[in-house]
Amino acid sequence: MTVRFDKLGVVIAAIVAYAAFAAPFATFRANRIVPGEARSILEALPAATGSLLLAIVVVSAIIALLKTPLILRLAASVVALAALALLIGVAGSFLTPQGNTFARISPASGFWLLIFAFTLLLADVLTRLNLSPWARIGVLVVAAAAIGLLLVSGSWDSLSILKEYANRADSFWAEGSKHVTLALGSLAAAVISGLPLGILCHRVEKLRAGVLNVLNIIQTIPSIALFGLLIAPLGWVATHVPGAASLGIRGIGTAPAFVALFLYSLLPVVANTVIGLVGVPRAANDAARGMGMTERQRLFGVEFPLAFPVILTGIRIVLVQNIGLATIAALIGGGGFGVFVFQGVGQTAMDLVLLGAMPTVALAFAAAIVLDAVIEMTSIRRREAQPA
Amino acid sequence: MKEAGVKAWLPSLLRLALVVLLIAFVTNPGWFEPLLKPLTENNAPAIYNQGSLLTLTLLHLRTVLIATMAATIVAVALAILVTRPAGIEFLPLSRSLVNIGQTFPPVAVLALAVPAVGFGEKPTLIALFLYGLLPIFENALTGLTTLPANVVEAARGAGMTGWQRLVKVELPLSAPIILGGIRLSVVISLATATIGSTVAARTLGEVIIAGLLSNNLAFVLQGGLIVAALAVLIYDGLSAIERYTARRMGQETA
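Chains as they are written, first to last, in this note's numbering: chain A, 358 to 745; chain B, 119 to 372.
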């Protein structure tokens, strides 16, 4: 029997070997801001548990290294990731001295590399399985539920990120809802005004180049500058237009952030609406016209459904981009998870940075997966509805 | 006829004017002080006074240039690797990784790079590099996987080795698409580099942030406009190069 190696497995096994035996698993700090001391897997966990984790990691890496059936690789990656997620919490309580509330335990580079390596394996398996859109959403829900369970059960409570969270639980959810409101609200506004604008640009060709050029130029203005530039006009509106201030329009804060995100969102929505409508096959339009459909019926009954997947792709770009950009709103007092990121950078408290960055990344990631799945579903339906 | 002539020349004239204006502004910002003065309050300075705009512009461009060059080399090399028979196994995975990578917000990448490399230019370079990789990789992949089959076959039939095919046929043919990726990546990097100033990198973001902190709109405007002008000009320049290479490729393969 010859042993055959998997090419990706070689990369994964190399990362795992380095991460498990040469890199620190957890960092111990006597308080929040002193430099940390590294702890390896065997130092960070009780002897039996530590050996168990090493065994799981090594066996999973060997499964990745050799050419093995997909289902085995799936199991190996899931088991390894679950063990890592559970045991980093155990390491947290094991390393914290009894009754000490100042000590901070955080995952170190070895832990993150192991997570990276096995996520790579999992991503490879999932890509090769070629899951259906619903199955992908299902995987996302299961993963989110598992992480939620770990958070609620308190098994991660001894880790430094959650200690930062415990100090700021109220503001975390307030900033979180502001973040989501900013990202989703500006998206909704952009769709409501971008769709008609896109349809107009498609119908009136003279407008098209002009509108798209202006929107393109807006994209080149750096986000922090655009956020800042809107402070003055909105401040003017707040003081001079009656009723504006009571609607929450103010120079600093959420209003300029909202408008800036809205302006950035317009280009992908308008451009994709135009591209989608241009791509509607002439035959479909002619047939609709031949059936005696009015202009309006044709738009809503034929063109729009056919262009929908392309428009949805624009919306996906906007949503992922907005979730990321909303972090910058914190610089102008607009709130959002960016508050923690910038506070953390200011205090060189990396756990605080992570507290802001992790939910942002998770939100953007989840939004991308869900919308990708929806796009695939709508384009499949389109293909079925349109027999070649 | 005359009207058409003016129309054809207008964009070039506008670009030329923008270049002249930009150079005049970064070398002699004092000339523009009266224009920006109305935006300041309490007699605050209208022109950034904690460093020279020219130096900051050059540092900004240098940061973007280094990051984009590194990103181009790595992204194109990776794209070549996963489209060769030896690396084809990595193709689906690399596609999904690129997809995942794009969901990481630049601010998060920047902030997370700080503990690893400290404050200053390095975290900015890392964030710009990672963020610049994705569009170039995606475009290079598209370029290399959508080559006309008959051309590749012809090259094989002419007895070219794999390396010759890559260098003489595949890369030149996909050059316009790869350039398109580089253009996207540069424009994103120009804007993202300003955020680098939140972690103490010396870029034009410094001017904008100083304006935000001291409530000085003139600073915010001048920093933002310089970056936007740079982005528009570089975007246009690279588009022109792209059209030129596309035309040349079109002629050679037609």
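Take the hints with a grain of salt, since some may be wrong.
Here are a few chain A residues that face chain B, going by a calculated C-beta distance under 10 angstroms [claimed, not checked]:
#1 Asp363
#2 Ala439
#3 Ala480
#4 Ile575
#5 Ala721
#6 Ala725
With a straight-line Cα cutoff of 30 angstroms, these simulated DSSO-like cross-link-like pairs (lysine-lysine) come out [to be verified]:
#7 A/Lys563 / B/Lys286
#8 A/Lys364 / B/Lys125
#9 A/Lys424 / A/Lys364
Coverage of chain A stretches by chain B, computed from C-beta distances (three or more under 8 angstroms per stretch; other residues unrestricted) [claimed, not checked]:
#10 495-501
#11 676-683
#12 687-697
Since the hints were derived computationally from the structure, they do not count as laboratory data.
All values reported here derive from a predicted model rather than from experimental measurement.
Beta carbons: idealized from backbone N, C-alpha and C, even for Gly.
Here's how the hints hold up against the structure:
1. Hint status for A/Asp363 relative to chain B: holds, with the closest Cβ pair at about 8 angstroms, below 10 angstroms.
2. Given hint, A/Ala439 at the interface with chain B, is violated; its Cβ is 20 angstroms from that chain's nearest Cβ, farther than 10 angstroms.
3. Residue-level restraint check for A/Ala480 holds (minimum Cβ-Cβ distance to chain B is 6 angstroms; threshold 10 angstroms).
4. Taking 10 angstroms as the C-beta contact cut-off toward chain B, the hint placing A/Ile575 at the interface holds, the least distance being around 9 angstroms.
5. Evaluation of the A/Ala721 hint against chain B yields a held restraint, the C-beta minimum of about 4 angstroms falling below 10 angstroms.
6. Interface hint at A/Ala725: satisfied, since its Cβ lies 5 angstroms from the closest Cβ of chain B, which is below the 10 angstroms cut-off.
7. Simply put, A/Lys563 and B/Lys286 have alpha-carbon atoms about 41 angstroms apart, too far for the 30 angstroms limit, and the pair is violated.
8. About 57 angstroms separates the Cα atoms of A/Lys364 and B/Lys125, which puts this hinted pair outside 30 angstroms; it is violated.
9. Restraint check for A/Lys424 and A/Lys364: satisfied, since their Cα atoms lie roughly 9 angstroms apart, inside the 30 angstroms limit.
10. Check on the region 495-501 of chain A: 0 of its residues sit with their Cβ under 8 angstroms from a Cβ of chain B, so the three-residue criterion for coverage is violated.
11. By the rule of at least three residues with a Cβ nearer than 8 angstroms to a Cβ of chain B, the coverage given for the region 676-683 of chain A holds, with 4 such residues.
12. With 3 residues having a Cβ less than 8 angstroms from any Cβ of chain B, the region 687-697 of chain A passes the three-residue criterion, so the hint holds.
When each numbered hint is compared with the structure, violations occur for hints 2, 7, 8 and 10.
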